[in-house]
Amino acid sequence: MRLWRFNGGLPSLAEHKNESSHLPIEAAPIPSELVYPLRQHIGNAAKPLVKAGEKVLRGQKIADAHGLISAPIHAASSGVVADISDKLIPHPSGFSAPCITIKTDGLDNAVTPTPLADYRQASIQELIDTVREAGIVGLGGAAFPTAMKLDNQSVVRDIKTLILNGAECEPYISCDDRLLKERAKQVIKGAEILLFMLGAKEAFIAIEDNAPETYQAVQLALKEHANSIIKAAQIPTIYPTGGEKQLIKTLTGKEVPPGDIPANIGIVSINVGTVYAVQQAIEEGLPLTSRIATVTGEGVTTPRNVEVRIGTPINTLIEFCDGYSNTVERLIMGGPMMGFALLNDEIPIVKASNCILVASKQEVITEKKAMPCIRCGLCASACPANLLPQQLYWHSRSDQFDKVEGLNLFDCIECGCCDVVCPSHIPLVQHFRYAKSAIKVKNHEKHQSNVARDRFEARETRLARDKAERAERSRKKKAALKGGSAKEEVAAAIKRSNEKKQQSSAETTK
Amino acid sequence: MMLWVLMALLPGILVMCWQFGYGVFFNIVIAVSTALLAEACMLHLRGRPIAPFITDLSVVVTAVLLALSLPTLAPWWIPFIGAIIAVVFAKHLYGGLGYNPFNPAMVAFAVLMVSFPKDMTVWALPSSLQTNELGLANALAVLIDQLPSQELIDGFTAATPLDHMKTRLGLNEVIGEIRTAPLFGSWVVAGWEWVAIAYLCGGVFLIYKKVISWQIPTGLLAGLFSISFLFYLLDPSTSPSPLFHLLGGGTILAAFFIATDPVTASTTNKGRIIYAALIGALIYVIRTWGGYPDGVAFAVILINMAVPLIDHYTQPRVYGHKK
Chain A
1 MRLWRFNGGL PSLAEHKNES SHLPIEAAPI PSELVYPLRQ HIGNAAKPLV
51 KAGEKVLRGQ KIADAHGLIS APIHAASSGV VADISDKLIP HPSGFSAPCI
101 TIKTDGLDNA VTPTPLADYR QASIQELIDT VREAGIVGLG GAAFPTAMKL
151 DNQSVVRDIK TLILNGAECE PYISCDDRLL KERAKQVIKG AEILLFMLGA
201 KEAFIAIEDN APETYQAVQL ALKEHANSII KAAQIPTIYP TGGEKQLIKT
251 LTGKEVPPGD IPANIGIVSI NVGTVYAVQQ AIEEGLPLTS RIATVTGEGV
301 TTPRNVEVRI GTPINTLIEF CDGYSNTVER LIMGGPMMGF ALLNDEIPIV
351 KASNCILVAS KQEVITEKKA MPCIRCGLCA SACPANLLPQ QLYWHSRSDQ
401 FDKVEGLNLF DCIECGCCDV VCPSHIPLVQ HFRYAKSAIK VKNHEKHQSN
451 VARDRFEARE TRLARDKAER AERSRKKKAA LKGGSAKEEV AAAIKRSNEK
501 KQQSSAETTK
Chain B
1001 MMLWVLMALL PGILVMCWQF GYGVFFNIVI AVSTALLAEA CMLHLRGRPI
1051 APFITDLSVV VTAVLLALSL PTLAPWWIPF IGAIIAVVFA KHLYGGLGYN
1101 PFNPAMVAFA VLMVSFPKDM TVWALPSSLQ TNELGLANAL AVLIDQLPSQ
1151 ELIDGFTAAT PLDHMKTRLG LNEVIGEIRT APLFGSWVVA GWEWVAIAYL
1201 CGGVFLIYKK VISWQIPTGL LAGLFSISFL FYLLDPSTSP SPLFHLLGGG
1251 TILAAFFIAT DPVTASTTNK GRIIYAALIG ALIYVIRTWG GYPDGVAFAV
1301 ILINMAVPLI DHYTQPRVYG HKK
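These protein sequence lines are chains A and B, in that order.
Take this note's numbering: the final residue in the first sequence is number 510, and no numbers are missing along the way.
Take this note's numbering: the final residue in the second sequence is number 1323, and no numbers are missing along the way.
Don't read these hints as lab results, they were simulated from the structure.
Positions of the beta carbon are idealized from the N, C-alpha and C atoms, including for glycine.
Check each hint, because a few of them may be wrong.
[Unchecked claim] What follows is a list of derived Cβ distance ranges for each label pair:
no.: 1; chain 1: B; residue 1: Ala1040; chain 2: A; residue 2: Asn450; range: 52 to 62 Å
no.: 2; chain 1: B; residue 1: Asn1269; chain 2: A; residue 2: Glu202; range: 26 to 36 Å
no.: 3; chain 1: B; residue 1: Leu1045; chain 2: A; residue 2: Asp260; range: 48 to 58 Å
no.: 4; chain 1: A; residue 1: Ala117; chain 2: B; residue 2: His1321; range: 16 to 26 Å
no.: 5; chain 1: A; residue 1: Pro11; chain 2: B; residue 2: His1321; range: 44 to 54 Å
no.: 6; chain 1: B; residue 1: Ala1040; chain 2: A; residue 2: His425; range: 49 to 59 Å
no.: 7; chain 1: A; residue 1: Pro236; chain 2: B; residue 2: Thr1055; range: 46 to 56 Å
no.: 8; chain 1: B; residue 1: Ala1040; chain 2: A; residue 2: Ala370; range: 34 to 44 Å
no.: 9; chain 1: B; residue 1: His1321; chain 2: A; residue 2: Phe196; range: 29 to 39 Å
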């Protein structure tokens, strides 16, 4: 199979996969409390359907999607809703946001699942609705509502290729790797459902060449399954080859135009964990209430992959992995490259949490003091989007945002390759995030002021119109009076005003 | 990174010492110590931390490159003034490391060349051609500006081959005649050819270590080669061979060590080739029709000015964008 190469990337990043990938997936216990941030996906926050004190069952919908780009949330175990209040959420900002908290009863009573007997008999719309109702979002980290991606009905697109993203390019993370090793059959079934829904002609399961055993396992499952249009594709291990745009380039040679989605060039790319969730939703009737997450790093005693109920606080998960080791320094959600630090370990696992990295001091990328940029250009040769990070840095530092936009800042995927190769240790991605948000704020303000100006101008024209109308009315009135008794009118008016004057002076003398 | 550059310069420095005597070593010592002192003073005045900026060795590289471009028999104040100009004027007054638009070593060289033309054009003869041995005593004497007798000096100094070539071509002599002078030796240019080859080895090592990109040396050498080859084809009797241009003067040092200064070079891959090829062409233009025997410093400075323009027009195609 022919493969293509995207620009740059980091081919020799230390992988750290073995720490967690050698142990089989194990189910984490039911925690005493489950916490569900209402927004754990891209788009609108979900609307709660339960009240404090209400009893809930496993698989029961506790919050519903609000609008098309949104996703419902389901309880992962039975219990009682404790409250709906602001709690710390797993987000780089460290902000609090509304969360539903459930006190579990340990019984784990479930709603009776309603699987579809044969998905081929169902209408495609029905399948899309099932995926939407199951609350499935991209489990690779982006958490984009999957039903939106699969909806080939409202906007008809000619989808040719389905890509199952099993390229876990971030160091340390191995949850997709374990999933493919242990549950390849279900993933392949899920791929068949997706092929049916999208009408795609081919499907690739992308696996990095640092995981030959996983590739073998998938090959074997494919052989048993005898589906000739789903193929396993071994791709070179170059960070960030698992990035959607980079993976599409690697497998098809095509590039997604800026600001566009892959579907418009005939490609849908979905993380293998998400495919598994789709299969579970349609063939088992189970909504998304758990996911596989990697707990790893030198700071945890037994790094491993865990099937964890969404909403489980991280400390429960760490306990399950035999607790912290004495070298723990920082908690990171996601990988070391694109993950973010967490404020404490009471924060829950959400749908997008693919990894909890309990980093030791050595593992935390030490914050060396940034030196001036010497324009060496290593960042440009490492940039998988083929940008010029050094020039972006230069202009974003001096707030020259039009220049930064001209250099295509918004094509930056924030993968962090430039940070890693920079000999001056400049935190480039931080500067780019800053510039991006500053530009967004500026555009918003511009929009606001345009609206204000339009409103002001509308008011001005309205006032002018009113004035003209008034003038017109009085002109007409005058014209009507001109008929004869204008002088009498004037005399009467003078008399009236004189009377008024006398009256008021009389009142003041009183 | 800068340590690799210094190590890569080592073979060239040793060959230069062997060919041209102790002067090279004196130049380096004076330039480096002055530059370090100037750097520390400037950092202090500007309220910047001194240690990280000194230990990154970039100032040492600047000073060594300057020292290697200077005549090997210069009085002590030549490298001294040069280092101060490089560090204070060409670097810190523009904002320090990373902000200087012009190559500091070349700015210093150009200033010295314009201000002290006599001291800047007297080079030691290669050791094989010296009729009076230069020796440590004489080198020291020159250094402290106590010139020995003119007769003695003539025994170990001369104009550079480039200078000689230029002067003689100006007198309407043809290459064949000019090249009979002992200065040119039996191959390309006596002494210089070995220095150039030593620098070449160091430069290739740097490309191998990925400290410098291949685009700049290749572009510069290709630019200089193609234009000199063209004129050589047109008239070999008045145009020196391309090999003379490549191995004579400061070409190799410029290609691998001077033009590759990241701060003042173009940053895009395509831009680097254009930037370097322009320097190569300009070196030829200055050597042939300009007022100075070698054109490296002026060529580098002039093309440094064009870098923002080159960068602007050579941006790579961003992922997903059409050309």
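Structure-based check of each hint:
1. Against the hinted window of 52 to 62 Å, the Cβ-Cβ separation of Ala1040(B) and Asn450(A) comes to about 54 Å, which satisfies the hint.
2. In this structure the supplied range 26 to 36 Å holds for Asn1269(B) paired with Glu202(A), their Cβ-Cβ distance being about 35 Å.
3. With their beta carbons about 52 Å apart, Leu1045(B) and Asp260(A) fall inside the hinted range of 48 to 58 Å.
4. Restraint check, Ala117(A) to His1321(B): a C-beta distance of roughly 47 Å breaks the suggested window 16 to 26 Å.
5. Judged by the Cβ atoms, the range 44 to 54 Å given for Pro11(A) and His1321(B) is violated: they are separated by roughly 24 Å.
6. Distance hint for Ala1040(B) and His425(A): a CB-CB separation of about 22 Å, inconsistent with the stated range 49 to 59 Å.
7. In this structure, Pro236(A) and Thr1055(B) break the distance hint of 46 to 56 Å, their C-beta atoms being roughly 37 Å apart.
8. A C-beta distance of roughly 21 Å is found between Ala1040(B) and Ala370(A), which places it outside the suggested range of 34 to 44 Å.
9. Under the hint 29 to 39 Å, the C-beta atoms of His1321(B) and Phe196(A), about 34 Å apart, fit the expected range.
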